[in-house]
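Each chain is listed here by its residues.
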Amino acid sequence: MALEGASTDVRRAPSPEVPLGAEVRSETIAGPQATVGQAGGPEADRPSAPLASQGKPVEVAEFDVRTDEILVNMGPQHPSTHGVLRLVLRTDGEVVLEVTPHIGYLHRCAEKIGENVTARQWIPYTDRMDYLAGMNMNLGFALAVEKLLQIEVPEKGRHLRVLIAELNRIASHLVAAGTYGLDLGSFTPFMYCFRERERILDLFELVCGARLTYSYITVGGVTADLPPGWLQKCESFLDQFEPVIDELHVLLTSQAVFIRRTAGIGILPAETAIQYGCSGPVLRGSGVNWDLRRDGEPIYTRMYEGYRWEVIAQTDGRYPQDHPYPPVPKGAVLGDSWHRFYVRMLEVVQSVGLVRQAIEKYSRARGPVGEPIKQSQKLPKAEAYLETEAPKGQMGFLVVGDGTPVPRRCRARSSSFCNLSVLSELCRGCLVADVPAILGSLDIVLGEVDR
Amino acid sequence: MVDFLAQYLGSVWLAGTLWALVQVVLVLTVVMISVAFFTWLERKESARIQDRLGPTRVGGRFGWLQPVADGLKLLMKEDLIPAAADRVLFRAAPYVSFCAAFTVFVALPVASGWVALRLDAGVFFVLAVAGLEVLGVVLAGYASGSKWSLFGAMREAAQVVSYEVPLALSAVVPVMVAGSIDPVTIGDLQAGGFWNWLVFHDPFTFAAFFVYFTCAVASVNRAPFDLPEAESELVAGFMTEYSGFRWSVFFMAEYASMLAVSFLAAILFLGAWHGPLPLVAGVYAVLGIPAGHPLAIFVAQLAGAGVFLVKGYLGVATMIWLRWTLPRLRIDQVMTMCLKYCLPLSAAMFLGAAVWLYAFPAGVTSQLLGPGAAATEAAGSPPAVAGRTALAEGGR
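Protein sequence lines correspond, in order, to chains A and B. Numbering-wise (the numbering used here), the first sequence opens with residue 328 and increments by one. Numbering-wise (the numbering used here), the second sequence opens with residue 350 and increments by one.
This is chain B alone, in the form it adopts within the complex (with noise of 0.2 angstroms):
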């Protein structure tokens, strides 16, 4: 794309600056989007869950517009800095967390090739990058000048930095049995149908996809780890000085991790931007269209890149659903379930999982289906092929 553009530009340089220009727009525009419907789905989510209706009339009977009538109303708020506060660290504190949230989508593929920054250690900078929006909280905490506030702050820093251990090492999992640490060649890998997906590999991968969403959870701050945020105690924790815009920019930067970690469990374990069965590629053998013509692979990466987007939402959306339902841990009830579940179980899955590569090295699912079941492949992506039979020859 960068060597089409500078053949117009007649500069690299600036093509290349072009082109991550656009790059990032599109990120930070589904991932605003996104966040901006999130807000409406936790609203209606909610609703529904204790027999309310939720937003029925900005925007229709379903409310679609009430985002923009929250976010104008959050615009539109008496920008209010304590006086006991560090003025500069107030301000600068929710732009912290959100650049961390936000930095995390650049290296998260949404179709095969379609990342704004393929690295070779992709998975490995997502989790790095999530880590820093503690230091946000943290910031926002101490800055307050409120006790209320720094009691919420350390109580974070404390869970999330705890919780990115079991989080880091249940992730490792499926890293490992697809033997690369590039999201883009773990996606391609769980091409086919949902029986390809890493989640569905072996009962350690199982396993560990529960404490990965257990962890994410947790280390999004979301119910039922939400102390930092705990309304009934400490009023909003280390939010409780912010309002208006500021407030607003804490909150995307949650919903944006949120989506993050979601997306990441989607790379992972659930197949990617792989739809439950092959059905790009029977669509295309039966109406007779070549795989290998650039519009259908666009079309079959844009379906991919649907789905990679519903799974996502979904992910989101379960988390919705746990804090609409389950009561709050305790802070030391949040780290016993950290030390003492989480991290021995994400080493235990670990650890099985490598047995399970070292006893069944091509793949239990190809042993059962034969060599065929890597040959039924979706269309548009010729790096699966490879990487299947390089599953299939031991994934290392």
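Same shape as in the complex, but just chain A (with noise of 0.2 angstroms):
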């Protein structure tokens, strides 16, 4: 199934796989299972197209005019490409049949570094992988080292991890709903998703003096424990922040025009989700009740015991009605762009839920937070791995040990490396201006796929 026709100078466009000059064959480029997109052009709120990977015999549609495949390349400098991503598009007129993207701009050596400096130290290292969720990695990370170690945190530091951790993944959602927003056209979500943001960032500056790279929980603890009068500006925060979280149900969820962007692309069945190792809201949008906050390790779901919460994601097609949530609207199906985004919107209510609990639990518990393990502490000749739940996705954390205080090896296992790597399945088939829109429900981070 050759692809004649193509002029080949822009398929001989140079990338790092295709040496120029070389004869380009179509398999090479677009491997033997690729669709030639769906015959007569775009048509109005159709599904992407059926994935190949599904083991269905491909097809190739016969066009009577030839027309030819343009390359078209989208960043690294991009508006809508959340980072330094380099996505190129090979499309015939408006229709995609083929996205690659080529990643590694962001790229700082984290894990290589991880092998010169204590464990306390590399704190910070994960802070700046995903950047709009530093509690959550550098929760992550602690807790691997603790698994190590053996250490536990006694109570108190627990739910003050829980109630850091759910308040920076309402951070990170709001940052995904309000750009995901604007890479559609709408300005004022995005506003005032920063807005609340802002609040939070507040929060977090009083905690621990930094506004997006904490480095705050740390190894066997918390740095320093919460300032006083901070969980009565938390609780003011959450009390203003519920109307805000309707008003923007009603500007995107519920908008029309949004969900006519949303629904239908993407389509992200659950076999091929768990094959490529998506997870958070992606998983969960295509209705797979998998969270690691109830489902993974003990060390992990040990944080979240006694909390009252619901693990958002369609069983039984329906999702927990716990809260009076917008309706699921007509043209979206499962696994869809706007189930990805509609799950995002939902756990932020539940971590609203969970960080009011984690207020009260810790106010309620006695003794201390837990004491940051010295930088002298020897790791022993072992190895630890966890998983935990980031707003992302499963972000997991390997520490391995060799009787001194620096790491032998510190791998990050990124969550937005595994969903972003899914991509190009979502993509084929659907328009050009539907890529930001599949790209903006995978929420991916730079900082995490490249490290």
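Warning: the hint list may mix true and false statements.
As the list claims (entries may be wrong) - Output of the computed footprint for chain B on chain A, the stretches with three or more beta carbons under 8 angstroms from beta carbons of chain B:
(1) 505-514
(2) 583-597
As the list claims (entries may be wrong) - Computed from the model, here is a short list of chain B residues facing chain A with C-beta under 10 angstroms:
(3) T405
(4) R406
(5) V407
(6) R410
(7) K496
(8) R672
Just so you know, the hints here were simulated from the structure itself, not pulled from any lab data. All residues carry an ideal CB built from backbone N, CA and C; glycine is no exception.
Put the complex together from the two separate chains, hints included.
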């Protein structure tokens, strides 16, 4: 199934895999499983092409009029690629045939540096991976090292960690929702989301002095306890935040144009999501009821014991009904971009509830919040791997100790990396304007993808 | 006016040219100042919608001089022409759009008798010339030598040209109801109170107004139809390679066409230069000023012009409001909306209005309120009386 007729100089656009002047055959670029778009060009509001990975035979549609394919480059500088990501789109007019993400523009050798600094000194590097959810990154790595060292954080510290981590989940999902609207042309919800996020960042600044790269949750506990009066400020923030969520539902979730742009777009079947290692809202948006806060390792799920909350995933065709959520519109198919967005919005409400409960439990708990380990603490000659539920998905940290304070290997398993890998599957057969819609719904952050 | 000048200048030709120049300068001035005002309005309105303040420093607390600062900045920017660009077309494209957008105002009246060029087919002229703007856009997209600009230009061409059909069709509804395609006549017919406005004449014209406004927003490329300028997808669409003064020319052309379609909406549907209540006539009656006095007529027309400008500005403010509220439609959704919704709807409105006129030839208003309703006229519009009775006689 050769694609003749394509102008060869365009196909020989320089890229690392294809040296200039090489004989380019269609199979090497498209792969044996590519489908040649949907015949008939763009139709209104139809879902993405069926995924070739499902084992169906490849169909080649013959066009009457031979149109050339063009290679369009989105990025690395681009308003809607959420960072320095280069997407090479092979399109036939408006229909995208293939998307190839090129990553690595934000690689900063964090894992190599991890072999040269102590565990506590590597905490700031985890901040800068998913920089929108630094607290969750810190928590993931701290728990992994605590698992290795087999130390236990006291109860008050666990509640404090839940409080902080869920607050940062709200902030991360606000950015996701705001920038998603921005990609689709809604400028105003972006401002509302960031206004609320600023309030959360102000709270974090009171806690640890930083707005984005916190390094607050560290191995053994936290760097310092909450300042006096902080809990009241947090509660007043939550009180004024809940009506804003409804505003965002009106402006985005239930908005007719937003639904038209996202419903039925980028449908990800559950098996494909699992095969590609997707996690977080991307996985739960496809209907898989899996959340590490409930289903993960005991050292992590122990933090959430005693909390009343729901995992947001569609089970038996219904979402949790503990709140008056906006209804699912008619055009939305499970696994499409709208559902991924909806899962994030509902998770915000759940996180608000978790923060409230954590405030209450933290206030009632007695004892220390946890003392950070000494810098000279030797790591045992063992390894520990722990995945936690970060806002963007399952973030895993592997720490291999060798008897010295400096680990032999630090590895970060990034959720956005796996979520991004499914992009080319999702974008096959969609329109160019759908690519930001799908990419935004995957909610990647390049700091995490590249590390 | 030309005769008046010719007496002093001795030559009709010279007088005519001078008067035409004066009118053109007047029109350009008003429109340019409006465009500058709209840049300020956009920034302020969008800021307030987004819970921010907008310009607050340049020119006092409200940032009145911000447009001046913006204009100066754009003039001082580097003149960039991409290496792959077609130099002649790249330079010419903004001015094609600019001329098309600004020429429209020549045929739009601001008050009864106050129009630069009184054309019998004024509405047709406006719609036709406004459609030339897309030529500049396509030129820009092609001449920029970039795939992204080309994408934007092709989308724009498809969108604007397609939406002109339902736009014209819904504009024809009030023309049919009024019985004339001359904007001055259509405006004169809507004298009196807001109950005489054509938008309230019958439910089909009422619906046609909304269809017209939607298609107008689409044909000037404003959100939710602003794909050609989609920031988050194609950087700036066909305008990606333009910077500095050239970009500001495109920008001015866009705001000018927004104003032009708002003005046309005001003329066709919203009572043109007449206020919601016949206040001027009332004031004149109370103060005992003779309505036929030239100064009285002049003041009444000035007030009318002010009302007309306000209506146009409100239309533009609504377009700005829409832009900052709604997300963007995809190109195939834009085309679906045009071909499957706006076009059949405007055709249905046209048919409905025709049936209505056949069923109620004298007009519903005069049937409900009696022939006396036609007698309460605004001052200074003798043609309006004749026009009103023309409508009462079936408008044919």
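Do the hints match the structure? See the list:
1. 505-514: Three-residue rule met by the region 505-514 of chain A, so holds; n is 7.
2. 583-597: holds (count 4)
3. T405: Constraint on T405 (chain B) not satisfied, violated at 17 angstroms.
4. R406: Result: violated, 20 angstroms to nearest chain A Cβ.
5. V407: Constraint on V407 (chain B) not satisfied, violated at 22 angstroms.
6. R410: Check failed: Cβ of R410 (chain B) comes no nearer than 22 angstroms to chain A, outside 10 angstroms.
7. K496: Holds: closest Cβ of chain A sits about 6 angstroms from K496 (chain B), inside 10 angstroms.
8. R672: holds (8 angstroms)
Figure legend: structure checked against the earlier numbered hints; hints not met, in rising order: 3, 4, 5 and 6.
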